[in-house]
Amino acid sequence: MTQTTASRRVYLDHAATTPVRPEVAEAMLRFMVTDFGNASSVHGFGRVAKEATENARAQVASLMGARPEEIVLMSGGTEADNMAIRGAVLANAGRGRHVITTKIEHHAVLHTCEGLEKEGLAEVTYLPVDAQALVSAEAVAEAIRPDTVLVSLMFANNEVGTIQPVAEVGRLCREKGILFHTDAVQAYGALPLDVDALGIDLLSASSHKIYGPKGIGALFIRKGRKVRPLITGGFQERNRRAGTSNVPGAVGFGLAAELAMKEMEGRRRRLVALRDRLINGLVKKVEFTRLNGHPTLRLPNNANLSFEFVEGESILLSLDMKGVAASSGSACTSGSLEPSHVLLAMGLPPEVAHGSVRMTLGTGNTDEDVDYVLEVLPPIIDRLRAMSPLHAKVVAGREARKGG
Amino acid sequence: MYNQRVMDHFSQPRNVGDIPDADGVGEVGNPVCGDIMRIAIKVRADRIEDIKFKTFGCGAAIATSSMVTELVKGKTLQEAEEISNRTVAEALGGLPAIKMHCSNLAADALHRAIEDYRRRNGGAVGAGVAPAVAAGARAASGPAAHDEDKCPSCCGKIAQLGRELAEGRDITAGPPSDPIK
Numbered sequence: 171m172t173q174t175t176a177s178r179r180v181y182l183d184h185a186a187t188t189p190v191r192p193e194v195a196e197a198m199l200r201f202m203v204t205d206f207g208n209a210s211s212v213h214g215f216g217r218v219a220k221e222a223t224e225n226a227r228a229q230v231a232s233l234m235g236a237r238p239e240e241i242v243l244m245s246g247g248t249e250a251d252n253m254a255i256r257g258a259v260l261a262n263a264g265r266g267r268h269v270i271t272t273k274i275e276h277h278a279v280l281h282t283c284e285g286l287e288k289e290g291l292a293e294v295t296y297l298p299v300d301a302q303a304l305v306s307a308e309a310v311a312e313a314i315r316p317d318t319v320l321v322s323l324m325f326a327n328n329e330v331g332t333i334q335p336v337a338e339v340g341r342l343c344r345e346k347g348i349l350f351h352t353d354a355v356q357a358y359g360a361l362p363l364d365v366d367a368l369g370i371d372l373l374s375a376s377s378h379k380i381y382g383p384k385g386i387g388a389l390f391i392r393k394g395r396k397v398r399p400l401i402t403g404g405f406q407e408r409n410r411r412a413g414t415s416n417v418p419g420a421v422g423f424g425l426a427a428e429l430a431m432k433e434m435e436g437r438r439r440r441l442v443a444l445r446d447r448l449i450n451g452l453v454k455k456v457e458f459t460r461l462n463g464h465p466t467l468r469l470p471n472n473a474n475l476s477f478e479f480v481e482g483e484s485i486l487l488s489l490d491m492k493g494v495a496a497s498s499g500s501a502c503t504s505g506s507l508e509p510s511h512v513l514l515a516m517g518l519p520p521e522v523a524h525g526s527v528r529m530t531l532g533t534g535n536t537d538e539d540v541d542y543v544l545e546v547l548p549p550i551i552d553r554l555r556a557m558s559p560l561h562a563k564v565v566a567g568r569e570a571r572k573g574g
Numbered sequence: 108m109y110n111q112r113v114m115d116h117f118s119q120p121r122n123v124g125d126i127p128d129a130d131g132v133g134e135v136g137n138p139v140c141g142d143i144m145r146i147a148i149k150v151r152a153d154r155i156e157d158i159k160f161k162t163f164g165c166g167a168a169i170a171t172s173s174m175v176t177e178l179v180k181g182k183t184l185q186e187a188e189e190i191s192n193r194t195v196a197e198a199l200g201g202l203p204a205i206k207m208h209c210s211n212l213a214a215d216a217l218h219r220a221i222e223d224y225r226r227r228n229g230g231a232v233g234a235g236v237a238p239a240v241a242a243g244a245r246a247a248s249g250p251a252a253h254d255e256d257k258c259p260s261c262c263g264k265i266a267q268l269g270r271e272l273a274e275g276r277d278i279t280a281g282p283p284s285d286p287i288k
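Residue numbers (the numbering used here), protein chains in the order written: chain F, 171 to 574; chain D, 108 to 288.
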């Protein structure tokens, strides 16, 4: 973004995307260069590609306790969310048109719901969250109507990391015979996840959040559940998603899922330790700092903090000059001029939402990375606060109280 | 995202601070939009002898604040009033399109500081300034500086809230406006 004079480069934006594991990239190369066949072809080139795709499908399924035939491979998490919601609403129009979701979903869910409302195809209830971004299962129960066909609740929030009561909501939906979709893009591969135990009918997952390539993801569709395809054309993916199979993508996604499964517990423990040291260190070192999201029901890699009286983009630019990559819920970084809808739904005042910074750790991060951030971030906040008219007012108020 | 000159003013802003015995102070922006700019001036013989700013905002907000102080230091009040937000952006070699409106209010803050100075010194706001310029400065520094057509996302909602207040609706009663989603 800008010229960097930093001695170190620290990537803390793994919720945005992750690097592809070298062994994953290597496994993919073969299916671009040598075994490049179209998985739908009859000949040997095609059969090799088909076999690799089906192997990958099984790997992707296994990481969520699903069966391979319940996995529809597609372009990514956004397409999976679109298909889950639009496809379920269209396929179940005879049963009703009411959808329940929450105010803190990813835009892939929210904008799809809003689109369906505008088209007159659905009525949508957007449930509020508490100050820690937690949705209550009771609120879901109360919102259910006789014509409710779908509940869509994210597994864990992408901005503040709060893990939602998916099991409770899954049970509730099962009892009422309502389809249950969860956007698990941030949770898949990071947390143990079993679609049967959790009563999930539809689940969105993405490859590039788990050290796989971009451009591929999956929608789990429980056997027997009706979802209308969005992309029509050939007969790929059991008629559920047309388009030539992304074989190298599938191979990469599959291997990334397998590695995530093998390494999950070790990764989780390491990340939680790094995360908590980062959060506690910053809260201790920088006054007027608050943790956004739930302290314990939290993704292992997510640290989201608000530094009051300063604006997020300014913090990101300053961090970038020190080689640290993070993100923010500030309007200026969202491209929308409004601060994060998640932070506002949690009841944060806009000026505090503007000062939020999200740091999401990954397998490549070390203790030294955390030390480096704890060293460079506090002076950045100090510098920006020294420039801030909001901070000046608080300091003046404090001085006045001292003087009085 | 930002050019070198913007980054220079962001990372080494000129004239940060406050003037305890300022002759005029202007503040624009609001926390909802995420930009608040405060400019203080010291005036001697109709010239801006000293100028300091404090800004809560993004990189563009800080860089434009810094640039405007540099542009007008030592200038006459009339010269300072002729500087617009666009002049500031141009002096910085341009800003990303999305920043041109919401984060580019530093000249407005300056004009407010000059208005404040004139009010304190006889109340003739715009005295000695071509009427059109003075009117422009007043318009730019008021709430109209947040042009809802250019900034529908945040300022449209603020303007809507304003309209509802003007119509006498009790906004504490909650919707319909839902100004901030």
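Source of the hints: derived by calculation from the structure; they are not laboratory data. A few of these clues could be false.
With a straight-line cut-off of 27 Å between C-alpha atoms, the simulated DSS-like cross-links for lysine-lysine are [what the hints assert, rightly or not]:
1) F/Lys-393 to D/Lys-159
2) F/Lys-393 to F/Lys-454
3) D/Lys-180 to F/Lys-563
4) F/Lys-273 to F/Lys-288
5) F/Lys-220 to F/Lys-396
6) F/Lys-454 to F/Lys-563
7) F/Lys-220 to F/Lys-393
8) F/Lys-384 to D/Lys-182
9) D/Lys-182 to D/Lys-149
Values in this document were obtained by computation on a predicted structure and should not be read as measured data.
Quick rundown of the hints versus the structure:
no.: 1; hint: F/Lys-393 to D/Lys-159; result: violated (67 Å)
no.: 2; hint: F/Lys-393 to F/Lys-454; result: violated (50 Å)
no.: 3; hint: D/Lys-180 to F/Lys-563; result: holds (25 Å)
no.: 4; hint: F/Lys-273 to F/Lys-288; result: holds (17 Å)
no.: 5; hint: F/Lys-220 to F/Lys-396; result: holds (25 Å)
no.: 6; hint: F/Lys-454 to F/Lys-563; result: holds (22 Å)
no.: 7; hint: F/Lys-220 to F/Lys-393; result: holds (22 Å)
no.: 8; hint: F/Lys-384 to D/Lys-182; result: violated (54 Å)
no.: 9; hint: D/Lys-182 to D/Lys-149; result: holds (12 Å)
This entry does not satisfy hints 1, 2 and 8, going by the numbered hints stated previously.
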